[in-house]
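Which chain is which? The protein sequence lines are Y and S, in order.
Note that the numbering used here has the first sequence beginning at 885, numbered continuously upward.
Note that the numbering used here has the second sequence beginning at 54, numbered continuously upward.
Think of the hints as simulated: they come from the structure by calculation, not from any bench.
Note that beta-carbon positions come from the ideal geometry of N, C-alpha and C, so glycine has one too.
One or more of the hints may lead you astray.
[Unchecked claim] Subject to a maximum C-alpha distance of 27 Å in a straight line, what follows is the list of computed BS3-like cross-link-like pairs (lysine-lysine): (1) Y:1118 with S:150; (2) Y:1157 with Y:1118; (3) S:311 with S:150; (4) Y:1118 with S:237; (5) Y:1157 with Y:941; (6) Y:971 with Y:1157.
[Stated by the list, open to error] Computed from the model, here is a short list of chain S residues facing chain Y with C-beta under 8 Å: (7) 124; (8) 125; (9) 147; (10) 199; (11) 247; (12) 285; (13) 327.
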Amino acid sequence: MTTLDNTTVTPVVIGAPRGGPDAPTLRQDRWWIQPLVTVTVLTVFVVYSTWAVFVNKDYYVGIAMHRDLISPFYSPCIAGSCVAGAKGTAIVANWWRITPALIVIGGPLGFRLTCYYYRRAYYRGFWQSPPNCAVADGHRRYTGESRFPLILQNVHRYFFLIGVFFNVILTIDAVMAFRMPGEGGIGVSVGTLVLCVNAILLWLYSVSCHAARHLCGGHVRTFSTHPVRYRLWKLLTPLNGRHMQFAWASLIFVALTDLYVRLVASGTITDPKLF
Amino acid sequence: MTDAMPEPTPAGAWTATTTGAEVAALDDAGAGPRTFEPGPAEEEEPTVTLRVWRGDPSGGDLVDYTLPSEEGEVVLDVVHRIQATLAPDLACRWNCKAGKCGSCSSEINGKPSLMCMTRVDELPEGPITVTPMRTFPILRDLVTDVSFNYEVARRVPAFAPPPAAPGDYRMQQVDVERGQEFRKCIECFMCQDVCHVIRDHEDNKRQYAGPRFFIRYAELEMHPLDTNDRRELLRQRMGLGLCNITKCCTEVCPEHIKITDNAIIPLKERVVDASYDPVAWLGRKILRRHKRSPEEAAAHPR
Chain Y
885 MTTLDNTTVT PVVIGAPRGG PDAPTLRQDR WWIQPLVTVT VLTVFVVYST
935 WAVFVNKDYY VGIAMHRDLI SPFYSPCIAG SCVAGAKGTA IVANWWRITP
985 ALIVIGGPLG FRLTCYYYRR AYYRGFWQSP PNCAVADGHR RYTGESRFPL
1035 ILQNVHRYFF LIGVFFNVIL TIDAVMAFRM PGEGGIGVSV GTLVLCVNAI
1085 LLWLYSVSCH AARHLCGGHV RTFSTHPVRY RLWKLLTPLN GRHMQFAWAS
1135 LIFVALTDLY VRLVASGTIT DPKLF
Chain S
54 MTDAMPEPTP AGAWTATTTG AEVAALDDAG AGPRTFEPGP AEEEEPTVTL
104 RVWRGDPSGG DLVDYTLPSE EGEVVLDVVH RIQATLAPDL ACRWNCKAGK
154 CGSCSSEING KPSLMCMTRV DELPEGPITV TPMRTFPILR DLVTDVSFNY
204 EVARRVPAFA PPPAAPGDYR MQQVDVERGQ EFRKCIECFM CQDVCHVIRD
254 HEDNKRQYAG PRFFIRYAEL EMHPLDTNDR RELLRQRMGL GLCNITKCCT
304 EVCPEHIKIT DNAIIPLKER VVDASYDPVA WLGRKILRRH KRSPEEAAAH
354 PR
């Protein structure tokens, strides 16, 4: 039964005098630090990841160095131009001539762009809408996420599924990093641990996502008739409370993982074998 | 505004140094901020200065009131001492002094806060600015007209259980618990006040319910016995899409209700289910699932 037809527009007087000084904000604390930090970290990440995507080299540490480490920006490497050894999948896009990272980057980027936490962060930081609580919005008109293009934020759940797909790939990469090709057998190097931590953080970020919480059980009206969904929902809810921390940790670590692989692949550092 | 000034008191006591006539003259001349300061004291005492917005719909200004500070005071205590000594006509709304009635909402140093729950010694040094809630029309001094919220409340479609005899309704504990968080709301309306959708863009008030009522909608949508479907209403008339989830409502909530995570985002996801998700739409068509009417729910209880 819809309730749309029997509701009238809220009668309000627009433009009635308001109290308080007519100032953008009366806050005396350093409210600008939070958006400034957001803008700084996200800008650094965007600049670094753009460079890493287009540099198109040093993204794989292979048999020559007795390792099997691939940058998360380039995995799965399914383009014909991928370096030997990095092609770990059956699907090879031979027609793809430019950097293979461009095939990969869209899914995780879309997941983070439409993420409920990042939306809060960049609406505050970049779009100044608002810069912080009780600080005047930087725009005269405002339609929120009710119109194009921001209405497209509603596709977040699909990007969540795409993100899970990439998590599976990166988990396989982390498992493969235990191989020490050329030396024989398996082992653990710093690179192995870096790829493992990266995969764990990405999983934590994904399963703590609000869309995951909704899809696994949040959408049901009665938990009592859906006990499995309820258990899942109850499991994810505390993780969801730390979604912001997982978002930042996984974002920063994915860049650090790429940097580590890049430094090892270029010969700047060696990847120490622990055991 | 300050006709009833306190009588002169002996040295060392506290009183206003500006008479009502002088204040009026200062106002007329457009002079600087009005100030009430302590009289001559024998020894230096710690003081607290409240910079309170005084005015009505015709206009107003910040007025400084300086009083001896007292240990453990909250801002509302100081406002009451100002009313008792320096400005008996200072208007402010209050009731319980325990953070449970939601009456004394105001903006302290620019942040929406309950005056009765904000300790003076936890605020930074210097004058404490106390202003009325910015989002609502001013009535007088710290009192605003919050009737917008009551108009929105009237438009929330009521709880609609399936037809059954009283005493025949059954709910499981786990389903009842889900909405309990939302029932903690004390209707202080600070979440409505801080929400930039209506704070900075007043024209949205006609088509935006606001965080306080989104938690009401969420409570009803998650109620095990409710049969109404409010998702289209939320999307088309109540402006759920206007919320850009910047979480200020959650930050100011004195009851620590996770408004954004537990109410607004779940509602947004439910609206996606109903209106934006093609797979969900296809699933409903194939499986012939739709929201049940009260009659259907009564005929086939789950």
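Here is how each hint holds up against the structure:
Simply put, residue 1118 of chain Y and residue 150 of chain S have alpha-carbon atoms about 36 Å apart, too far for the 27 Å limit, and the pair is violated. Distance restraint check for residue 1157 of chain Y and residue 1118 of chain Y: the Cα-Cα separation of roughly 40 Å exceeds the 27 Å cut-off, and the hinted pair is therefore not satisfied. Pair hint residue 311 of chain S plus residue 150 of chain S holds up; C-alpha atoms about 23 Å apart against a cutoff of 27 Å. A threshold of 27 Å between alpha carbons decides the hint, and for residue 1118 of chain Y with residue 237 of chain S the separation of about 21 Å falls inside it, so the pair holds.
The hinted pair formed by residue 1157 of chain Y and residue 941 of chain Y meets the criterion: a straight-line CA distance of about 23 Å does not exceed 27 Å. For the given pair, residue 971 of chain Y sits about 24 Å from residue 1157 of chain Y by alpha-carbon distance, which is consistent with the 27 Å threshold. Among the interface hints, the one on residue 124 of chain S is violated; its C-beta lies about 23 Å from the nearest C-beta in chain Y, farther than the 8 Å criterion. Contact between residue 125 of chain S and chain Y, as hinted, is not supported at the beta carbon level, the nearest pair being about 22 Å apart and thus beyond 8 Å.
Because the closest C-beta pair between residue 147 of chain S and chain Y is about 16 Å apart, greater than 8 Å, the hint is violated. Interface hint status for residue 199 of chain S: violated, as the beta-carbon distance to the closest one in chain Y is roughly 12 Å, over 8 Å. At about 5 Å, the closest approach between the beta carbon of residue 247 of chain S and any beta carbon in chain Y falls short of 8 Å, and the interface hint on this residue holds. For residue 285 of chain S, the interface hint holds, since its Cβ comes within 8 Å of a Cβ in chain Y; the closest pair sits about 5 Å apart.
For residue 327 of chain S, the shortest C-beta to C-beta distance to chain Y is roughly 10 Å, which exceeds 8 Å, and the interface hint is violated.
In summary, the numbered hints that this structure violates are 1, 2, 7, 8, 9, 10, 13.
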